[in-house]
Amino acid sequence: MWHQKIIQLKEKRRGFHLITDEVLSALPEMTAVNVGQLHLFLQHTSASLTLNENCDQTVRSDMEQYFLRTVPDKGDYQHDYEGADDMPAHIKSSLLGVSLLLPISQGRVLLGTWQGIWLGEHRIHGGGRRIIATLQGNS
Amino acid sequence: MWHQKIIQLKEKRRGFHLITDEVLSALPEMTAVNVGQLHLFLQHTSASLTLNENCDQTVRSDMEQYFLRTVPDKGDYQHDYEGADDMPAHIKSSLLGVSLLLPISQGRVLLGTWQGIWLGEHRIHGGGRRIIATLQGNS
Amino acid sequence: MWHQKIIQLKEKRRGFHLITDEVLSALPEMTAVNVGQLHLFLQHTSASLTLNENCDQTVRSDMEQYFLRTVPDKGDYQHDYEGADDMPAHIKSSLLGVSLLLPISQGRVLLGTWQGIWLGEHRIHGGGRRIIATLQGNS
Numbered sequence: 011m012w013h014q015k016i017i018q019l020k021e022k023r024r025g026f027h028l029i030t031d032e033v034l035s036a037l038p039e040m041t042a043v044n045v046g047q048l049h050l051f052l053q054h055t056s057a058s059l060t061l062n063e064n065c066d067q068t069v070r071s072d073m074e075q076y077f078l079r080t081v082p083d084k085g086d087y088q089h090d091y092e093g094a095d096d097m098p099a100h101i102k103s104s105l106l107g108v109s110l111l112l113p114i115s116q117g118r119v120l121l122g123t124w125q126g127i128w129l130g131e132h133r134i135h136g137g138g139r140r141i142i143a144t145l146q147g148n149s
Numbered sequence: 011m012w013h014q015k016i017i018q019l020k021e022k023r024r025g026f027h028l029i030t031d032e033v034l035s036a037l038p039e040m041t042a043v044n045v046g047q048l049h050l051f052l053q054h055t056s057a058s059l060t061l062n063e064n065c066d067q068t069v070r071s072d073m074e075q076y077f078l079r080t081v082p083d084k085g086d087y088q089h090d091y092e093g094a095d096d097m098p099a100h101i102k103s104s105l106l107g108v109s110l111l112l113p114i115s116q117g118r119v120l121l122g123t124w125q126g127i128w129l130g131e132h133r134i135h136g137g138g139r140r141i142i143a144t145l146q147g148n149s
Numbered sequence: 011m012w013h014q015k016i017i018q019l020k021e022k023r024r025g026f027h028l029i030t031d032e033v034l035s036a037l038p039e040m041t042a043v044n045v046g047q048l049h050l051f052l053q054h055t056s057a058s059l060t061l062n063e064n065c066d067q068t069v070r071s072d073m074e075q076y077f078l079r080t081v082p083d084k085g086d087y088q089h090d091y092e093g094a095d096d097m098p099a100h101i102k103s104s105l106l107g108v109s110l111l112l113p114i115s116q117g118r119v120l121l122g123t124w125q126g127i128w129l130g131e132h133r134i135h136g137g138g139r140r141i142i143a144t145l146q147g148n149s
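Each protein sequence line maps, in turn, to chains Z, E and Y.
Okay, so the first sequence: first residue is 11 according to our numbering, each after it adds one.
Okay, so the second sequence: first residue is 11 according to our numbering, each after it adds one.
Okay, so the third sequence: first residue is 11 according to our numbering, each after it adds one.
Careful, some of the hints might be misleading.
All copies of an identical chain are treated as equivalent in the list; a pair is satisfied when it fits inside any one copy or across any two copies.
Below 25 Å or equal to it, Euclidean Cα-Cα: the simulated DMTMM-like pairs (lysine to aspartate or glutamate) are [claimed, not checked]:
{"#": "1", "residue 1": "Lys20", "residue 2": "Asp86"}
{"#": "2", "residue 1": "Lys15", "residue 2": "Glu39"}
{"#": "3", "residue 1": "Lys84", "residue 2": "Asp66"}
{"#": "4", "residue 1": "Lys22", "residue 2": "Glu32"}
Quick caveat, the hints were computed from the structure, so don't treat them as lab data.
Given only the sequences and the hints, what does the whole structure look like? Please build it.
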């Protein structure tokens, strides 16, 4: 079976956000999948999806500090007419990626004990972000 | 249905290149897919595939400058017998990745408004690069 | 057909390791797939999976040196109670990713001539790591 839907995320401030529950609660159809996959695809070029620690908020803030330091707003960018945070956001989006593929077994995604789904919001005012979720598998 | 084919890209100079049209025009079979996925897999270790802005050329040149600066040719690399651009190319390939998975609906890939497919050519003389494209879905 | 299994990797020291044989030898079921995909999903947040050069060991040691230099243990991290190598490991895991999707044709993964599967072990004592392997395709 194949099932595809749009998940519209609520607007978030710049930084990394744990969105496991916001995403999975939008996919009740997953319970029908015995063995399969969930594909999450973010339709943006200045935000990202990644998997990381699902518990301690300081991991997310340390991650944000790392990226602010290594991909600084004050770079010598040609592409600057959308604001100082725009070109760094494009770079972070490519470094982290915008797509996750998660294995499904017996209706649930097989995340590790400490794995959570993170949204990287790399713009100061990014607005609501959109994910295309595609489920497939044996029902 | 499953459909797999080789896409041979034209040789490109070092830097980031928008290849959306070059790739998608090689896949007329996609129009038969109602709901599905397109997997693009680059068979190389010194180039990359990523999604990013599809319009302004300065985004691609700023991206290239960022990677030339943070993964410099003049690193203190042991692996240097293939040229100063070789080891940095391997690093960029792993940072950016060589594989993209794109959702398909009604015969078209669901890229966001600003998303395009980029080839990162990280060698000075990389030659023509090869992608394995795998289509699957409901027809 | 769908086939899913757990691959338990042997414990490895910090650094990058070529695990192509360790992974593929655990998947004899792949020979039954005519056209399809192999998904490898690492259930951890302080290690990574990537594709890179399958021959020269210095590529793996240069890669490790690059990441030790650019994501240093001596960062100014808030999240430090699991050791100085922990937060850098989380950052490297997101930079490199934990998931690979490989095309299959006639029972074999279509890796390029120089491509191998690498485990990035980013902890000093990471323990044995676990991969969820999901095979699908036409048999």
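Results for each hint:
1. Lys20 <-> Asp86: Neither. Shortest intra-copy (32 Å) and inter-copy (31 Å) distances fail the 25 Å Cα cut-off.
2. Lys15 <-> Glu39: Both: 10 Å inside a copy, 23 Å across copies.
3. Lys84 <-> Asp66: Answer is between; shortest inter-copy Cα gap is 20 Å, intra-copy 29 Å.
4. Lys22 <-> Glu32: Close inside one copy (12 Å), not across copies (35 Å); limit 25 Å.
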